[in-house]
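*Asks:* Sequence:
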Amino acid sequence: MEENEDTCRQMMDTNPASAGNSDGDNQCYDGTLPKDGLKDGSMESKGTEDGAPKATFGCQHYKRKCKLFAPCCGRAYTCRFCHNDVENHCLDRRQVMEVVCMQCKTQQPVQKNCQQCNLEFGRYYCAQCKLFDDDDKQQYHCEGCGICRIGGRERFFHCTVCDMCLPMRLQGNHKCVERVSRTNCPVCLEDIHTSRIPSHIPPCGHLIHRTCFGDMLKSGLYACPVCNTSMINMEKVWQHLDEEIQETPMPDDYRNLFVMILCRDCHKESEVAFHILGLKCQECGSYNTCRNKGKAVLRVPVVDPKCPELVKTGLVSYASRRGKGKAHPLGAVSFDLESGQGQGDPDLTNLHVDDPSDPIDQNHGTLLEAY
2 MEENEDTCRQ MMDTNPASAG NSDGDNQCYD GTLPKDGLKD GSMESKGTED GAPKATFGCQ
62 HYKRKCKLFA PCCGRAYTCR FCHNDVENHC LDRRQVMEVV CMQCKTQQPV QKNCQQCNLE
122 FGRYYCAQCK LFDDDDKQQY HCEGCGICRI GGRERFFHCT VCDMCLPMRL QGNHKCVERV
182 SRTNCPVCLE DIHTSRIPSH IPPCGHLIHR TCFGDMLKSG LYACPVCNTS MINMEKVWQH
242 LDEEIQETPM PDDYRNLFVM ILCRDCHKES EVAFHILGLK CQECGSYNTC RNKGKAVLRV
302 PVVDPKCPEL VKTGLVSYAS RRGKGKAHPL GAVSFDLESG QGQGDPDLTN LHVDDPSDPI
362 DQNHGTLLEA Y
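Counting in my numbering, the sequence shown runs from 2 upward without gaps.
Just so you know, these hints were derived from the structure itself, not from any lab.
Hints are not guaranteed to be accurate.
What the hints assert, rightly or not - Cut-off 20 Å, straight-line C-alpha distance, at most; resulting in silico cross-link-like pairs (SDA-like, lysine to any residue):
1) K269 with R292
2) K113 with F70
3) K269 with P250
4) K296 with L263
5) K269 with S220
6) K269 with Q247
7) K131 with T161
8) K176 with K131
Use the sequences and the hints to build the structure in full.
*Replies:* Spelled out as structure tokens, the structure:
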């Protein structure tokens with residue numbers, strides 16, 4: 002995975018992400034507020050810019066000049082995050098009906114300006130989300146998402162299938178997954194739709210917090226936790242595995258074993274030679290594969306007597322010792338990789354190569370069960 006670090010970093014920087022939440026972006030206000038806020042998370046200080054005293058309000062999450070009065074516990078908090086940090090329950094912001102002015106301390110119905118001192122609580126105000134913000138983050142309310150987003154309405158569109166806002170460059174150019182944003186992050190199991198953390202969209206379409214995606218890559222995990230599809234370009238890694246497999250021959254007992262695999266990237270089945278380092282998909286070349294149902298099958302190279310330089314690979318069958326020298330009904334040797342023994346004839350002393358014209362030999366494929 003070390004050879005793919007640059008690719009991983011590029012994917013994290015360039016991969017599209019959904020529009021951030023205006024009550025959930027990770028750009029915290031850090032103007033003239035003190036490092037330590039009040040117990041309820043609010044910050045009220047008098048800075049001295051250019052020698053003139055200046056009042057600043059807000060919390061580490063928002064720059065605003067009012068507190069939300071939580072009907073659930075009867076206390077005022079600067080935002081729902083400040084509430085959730087100290088309480089043992091979550092604040093439903095849509096249930097908030099009153100706010101408290103940070104300047105005159107007047108408790109009043111939710112509105113943009115204070116009814117007592119006419120102070121503007123925030124330059125951006127959403128009556129539906131009960132959201133106030135004095136920072137310009139190009140906020141807009143999306144009716145489809147049901148929440149406010151940041152980044153500018155003209156830069157995003159709402160996908161009705163994915164049920165989320167996506168960058169305009171992905172319009173008609175992304176894989177839709179039904180209501181994907183309403184699911185939790187498969188890594189941290191936290192909410193994605195209203196999260197303050199930006200989302201990463203891998204090729205499979207499932208959403209992951211960008212921070213969780215970065216942690217997975219640092220841990221050497223490249224497959225989607227939901228569907229196991231590769232989330233980044235693994236071509237260089239597969240090439241490195243090709244070289245390692247060529248330099249690492251299998252022992253004689255395992256050299257001619259073939260197994261059925263299922264590719265997690267192209268979702269196709271193929272029969273490949275067994276190797277302890279990896280099983281390569283014969284369709285797309287990916288090593289992101291898994292063993293399919295069925296035992297391993299032993300195949301041996303055979304020299305064609307009519308053409309000695311031509312080497313064929315045949316499916317090994319044998320004469321059963323239990324049936325007076327008659328061939329086994331299926332005629333093939335299945336091999337248990339865990340025990341290291343062939344089933345039916347462990348010694349593999351009476352071997353012959355399949356004859357394509359033999360009806361019995363033509364049925365050897367029944368030994369390999371479909372997934």
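*Asks:* Next, verify each hint and record whether it holds.
*Replies:* Checked hints:
1. K269 with R292: 12 Å, holds
2. K113 with F70: Since the Cα atoms of K113 and F70 sit roughly 15 Å apart, the hinted pair holds (cutoff 20 Å).
3. K269 with P250: Roughly 26 Å between the alpha carbons, so the hint for K269 and P250 is violated.
4. K296 with L263: 14 Å, holds
5. K269 with S220: 28 Å, violated
6. K269 with Q247: Given pair K269, Q247 is violated - Cα atoms ~24 Å apart, limit 20 Å.
7. K131 with T161: Not satisfied, since the Cα-Cα distance of roughly 24 Å exceeds 20 Å.
8. K176 with K131: 33 Å, violated
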